[in-house]
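K.L.:
Those protein sequences? They're chains A and B, same order as listed. Here my numbering is used: the first residue of the first sequence is 1, the next is one more, and so on. Here my numbering is used: the first residue of the second sequence is 227, the next is one more, and so on.
Among the clues, some could well be false.
As the list claims (entries may be wrong) - DEER-style ranges, computed between Cβ atoms:
1) A/Gly224 with B/Lys404: 33 to 43 Å
2) A/Ile149 with B/His432: 38 to 48 Å
3) B/Asn330 with A/Gln138: 21 to 31 Å
4) B/Arg228 with A/Gly146: 45 to 55 Å
5) B/Lys392 with A/Thr139: 48 to 58 Å
6) B/Glu260 with A/Gly94: 35 to 45 Å
7) A/Ile149 with B/Phe408: 41 to 51 Å
8) B/Lys291 with A/Glu106: 25 to 35 Å
9) B/Asn330 with A/Glu14: 53 to 63 Å
10) B/Ser410 with A/Arg222: 27 to 37 Å
11) B/Glu332 with A/Gly146: 23 to 33 Å
12) A/Ile164 with B/Gln244: 36 to 46 Å
Said to hold, decoys possible - Quick list of in silico lysine-lysine cross-link-like pairs, DSS-like style, CA-CA up to 25 Å:
13) A/Lys56 with A/Lys22
14) B/Lys247 with A/Lys220
15) A/Lys200 with A/Lys21
16) A/Lys166 with B/Lys247
17) B/Lys247 with A/Lys172
18) B/Lys426 with B/Lys392
The hints are simulated quantities; they were obtained by calculation from the structure and are not laboratory data. Glycine included, each C-beta is placed from N, C-alpha and C at the ideal position.
2 protein chains.
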Amino acid sequence: MRILVIEDEVRLCEALVQILKKHNYTVDSDTDGESGLDDALSGIYDVVVLDIMLPKIDGITILKKIRSEGIDVPVILLTAKDSIHDKVTGLDSGADDYLTKPFNTEELLARIRALGRRRGEIIEPDALSFGDISLDTQTMRLTGRGGDISLTLKECELLEYLIIHKDVIASKEQIIEKLWGFDSDAEANHVEVYVSFLRKKLRHVHSDIKINAVRGVGYKLRKGGE
Amino acid sequence: MRILVIEDEVRLCEALVQILKKHNYTVDSDTDGESGLDDALSGIYDVVVLDIMLPKIDGITILKKIRSEGIDVPVILLTAKDSIHDKVTGLDSGADDYLTKPFNTEELLARIRALGRRRGEIIEPDALSFGDISLDTQTMRLTGRGGDISLTLKECELLEYLIIHKDVIASKEQIIEKLWGFDSDAEANHVEVYVSFLRKKLRHVHSDIKINAVRGVGYKLRKGGE
DNA sequence: CACTTAACTTAAAATAACCTTAAAAGCATG
DNA sequence: CATGCTTTTAAGGTTATTTTAAGTTAAGTG
């Protein structure tokens, strides 16, 4: 997952890069329209985050050029103000989404994920992380502070689900639906078994992450110091 | 935090209401444009979730009417397809955000929270609270002025019921019906036992909330200075 | 004030949820 | 078709929660 950020405000640009990298995306950036356009035309990116107001070449022009070259990478426009005009022009020119400054991290990340879903592709970061562990869903490897280990498909899916839903308690029903499908006859014990497998592997990589069972409700990840 | 959902697909509508309620929002809903508009014009909502395709009056018309009445409640549009046209029309008409079906819970919740932040207000779920306590029904944790503690399922349901019905005296029969179901053979003593459990936990978090027994009638919460 | 009844509290029993492990079954690969 | 790996099944053990039950306290009533 490669993201290109084109934004001339240096501080904002760096902040964006840092945030995205933190979430395990691969990120490049430009601070002017000219080099931004060059990079965008390379066609190697999965998402472009594009400011409208840019030195040398403005965002809308870049967007039009990209599209006229037949590159249909998802583009998220950054509009300086709450200017409907920019939005409309941007969407007309082939943008997939816009974001009004100031915006926050969560929102940007949500939109990037949403873009992936909308196109039916999966624009996901290659690795998820939580506390002292990191999960590479591509290679299905779990890395902790004391080594790494490979997971089976179901283990990986379960941990992925728990990390993505780290803020809520994931019920067994939800987990079953996700891992075995909506009308499977999988039982609660399936989940319990995999939770048990995962806990063992978490210990194996010396992570201090715990899978907390909330009786009658579901499971929730917990970091060491909580 | 009051949310209005206007959506004609009954199943989707109910699902939305349930999900939002589960996250401690107060939710009303309509399944056609006419009653939807009526409710929206009341101006009491903090967010409106509005489907575009609706019987009687379509979403865009509703949106325009709302705005022409000077109500600037945040509106999230639900667009049936990936139709840029709908988005642009919607944004022109004064929508704050849109969501393309199908979408998932997380995304909707994120957008609702994001809307609040963007406007600088705090559109947060009412973490069910009363006096000096606050109850998170998601994690089943009770927080008081001197720490927090986890509740069991029944304890949580009981306290939730008491808080929601804080203005009236909750009878044991009502409580039994809510916690154990309509035709259970649960007895009055069950309620008494759980009231006792709760009182102990309220003391544990140093709350000054009291569960008042009204002889022959039921229970009612009371704040410290009452 | 004595009596009755409702409510309170607590401990112990029963139940249901969850955990773990081992073994069987399924599946792909060489 | 044998091997190794993943997934499912199943059983027994552990613990948290719910229910039962019994003794105690408090409130209302004549």
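K.L.:
Please go over all the hints and tell whether each is borne out by the structure.
P.N.:
Here's how the hints hold up against the structure:
The hinted range of 33 to 43 Å is satisfied by glycine 224 of chain A and lysine 404 of chain B, whose Cβ atoms lie roughly 38 Å apart. The supplied range of 38 to 48 Å is met by isoleucine 149 of chain A and histidine 432 of chain B, whose beta-carbon atoms lie about 44 Å from each other. Asparagine 330 of chain B and glutamine 138 of chain A have their C-beta atoms about 22 Å apart, which keeps the hinted 21 to 31 Å range intact. Between arginine 228 of chain B and glycine 146 of chain A the CB atoms are about 49 Å apart, so this pair conforms to the stated range of 45 to 55 Å.
A C-beta distance of roughly 53 Å is found between lysine 392 of chain B and threonine 139 of chain A, which places it inside the suggested range of 48 to 58 Å. For glutamate 260 of chain B and glycine 94 of chain A, the hinted distance range of 35 to 45 Å is satisfied, since their beta carbons lie about 37 Å from each other. Range check, isoleucine 149 of chain A to phenylalanine 408 of chain B: Cβ separation about 50 Å, and the 41 to 51 Å hint holds. A hinted range of 25 to 35 Å for the beta carbons of lysine 291 of chain B and glutamate 106 of chain A is consistent with their spacing of about 32 Å.
Between asparagine 330 of chain B and glutamate 14 of chain A, the C-beta spacing of about 31 Å breaks the proposed range 53 to 63 Å. For serine 410 of chain B and arginine 222 of chain A, the Cβ-Cβ distance of about 34 Å falls inside the hinted range of 27 to 37 Å, so the restraint holds. For the hinted restraint 23 to 33 Å between glutamate 332 of chain B and glycine 146 of chain A, the CB-CB distance of approximately 32 Å keeps it satisfied. Between isoleucine 164 of chain A and glutamine 244 of chain B the Cβ separation comes to about 21 Å, which falls outside the hinted range of 36 to 46 Å.
With a C-alpha separation of about 30 Å, the suggested pair lysine 56 of chain A and lysine 22 of chain A falls outside the 25 Å cut-off, and the hint is violated. Distance restraint check for lysine 247 of chain B and lysine 220 of chain A: the Cα-Cα separation of roughly 21 Å lies within the 25 Å cut-off, and the hinted pair is therefore satisfied. Simply put, lysine 200 of chain A and lysine 21 of chain A have alpha-carbon atoms about 29 Å apart, too far for the 25 Å limit, and the pair is violated. As the CA atoms of lysine 166 of chain A and lysine 247 of chain B are separated by approximately 20 Å, the hinted pair is consistent with the 25 Å bound.
For the given pair, lysine 247 of chain B sits about 20 Å from lysine 172 of chain A by alpha-carbon distance, which is consistent with the 25 Å threshold. Distance check on the hinted pair: lysine 426 of chain B and lysine 392 of chain B sit about 19 Å apart at the alpha-carbon level, within 25 Å; holds.
Of the numbered hints listed earlier, those contradicted by the structure are 9, 12, 13 and 15.
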